Amino acid sequence: MYLLALGIGLANLIPEGMEGVPFLVFVAPALLMSTILTVGAEEGMYPVLSGFKWHKIFFAIHATPITPGQIVGGFLVHLTIRFTFTAGVFFGFLILFGAVPLTSGWVMIPISILGAFSILTPLGAYAARLEDDTGQFALIQRLVVMPMFLFSGTFFPLSQVPDWLEWVGWVSPLWHATQLGRTVSYGASEPIWLSATHIAVLVGYAVIGGYFMHRAFVARLTR
Numbered sequence: 001m002y003l004l005a006l007g008i009g010l011a012n013l014i015p016e017g018m019e020g021v022p023f024l025v026f027v028a029p030a031l032l033m034s035t036i037l038t039v040g041a042e043e044g045m046y047p048v049l050s051g052f053k054w055h056k057i058f059f060a061i062h063a064t065p066i067t068p069g070q071i072v073g074g075f076l077v078h079l080t081i082r083f084t085f086t087a088g089v090f091f092g093f094l095i096l097f098g099a100v101p102l103t104s105g106w107v108m109i110p111i112s113i114l115g116a117f118s119i120l121t122p123l124g125a126y127a128a129r130l131e132d133d134t135g136q137f138a139l140i141q142r143l144v145v146m147p148m149f150l151f152s153g154t155f156f157p158l159s160q161v162p163d164w165l166e167w168v169g170w171v172s173p174l175w176h177a178t179q180l181g182r183t184v185s186y187g188a189s190e191p192i193w194l195s196a197t198h199i200a201v202l203v204g205y206a207v208i209g210g211y212f213m214h215r216a217f218v219a220r221l222t223r
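Under UniProt numbering, the residues of the sequence shown are numbered 1 to 223, in order.
Treat each hint with caution, since some may be false.
Subject to a maximum C-alpha distance of 20 Å in a straight line, what follows is the list of computed SDA-like cross-link-like pairs (lysine to any residue) [what the hints assert, rightly or not]:
# : residue 1 : residue 2
1 : 56        : 222
2 : 53        : 163
3 : 53        : 135
4 : 56        : 92
5 : 53        : 193
6 : 53        : 74
7 : 56        : 67
8 : 56        : 42
9 : 56        : 171
Hint data in this document are derived by calculation from the structure and do not stem from the laboratory. Keep in mind the model is a prediction, meaning the values are calculated, not measured.
Working from the sequences, and respecting the hints, build out all of it.
Structure below.
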């Protein structure tokens, strides 16, 4: 329904397309990236806090010889499998609708997974430090995830966003992942240095977030 409403329904209102390609082709990478990144954001919040506070599964695992670092690693491996499956299914529907090519479009799957971890690990580091949810996650959804979805060049080029809002796209992992997706999907024109910047930003978010997530797990499980 998501793909039908936004990718096809909205496309009928924009017959001239976007950036020289049909609107469905333009928006398809963004739909895939936004879906997987949203799942990543969700997995970095409630499931992490739940593992410490409500279900206490992380404490149960740590009662065995498994270390906090291994717990984090297992958690991320589990999510990698889930993200791969979800992205693969979504990509299959994009293929059926003729929105992306199979030959190069499949690269969007690992890009979307990297994008998911670029938002999951910072949120996971934060969630692992919380003692309780008193509305912080709802606030993150409203003030971080939703603006990221709306102002990251998802449905229109970032250049069409007002100047005072463009910074949202620049710092947003969704914009960086989407631009990489458009490059591999339909060959969106971008300087090499900008594509390299997209990769560096996503890797930076994921690695730095992973470092602090590991520290938070160690601190929580060993205190």
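Each hint, compared with the structure:
no.: 1; hint: 56 with 222; result: 14 Å, holds
no.: 2; hint: 53 with 163; result: 42 Å, violated
no.: 3; hint: 53 with 135; result: 15 Å, holds
no.: 4; hint: 56 with 92; result: 36 Å, violated
no.: 5; hint: 53 with 193; result: 44 Å, violated
no.: 6; hint: 53 with 74; result: 19 Å, holds
no.: 7; hint: 56 with 67; result: 15 Å, holds
no.: 8; hint: 56 with 42; result: 18 Å, holds
no.: 9; hint: 56 with 171; result: 33 Å, violated
The structure is inconsistent with the numbered hints 2, 4, 5 and 9, although it conforms to all the rest.
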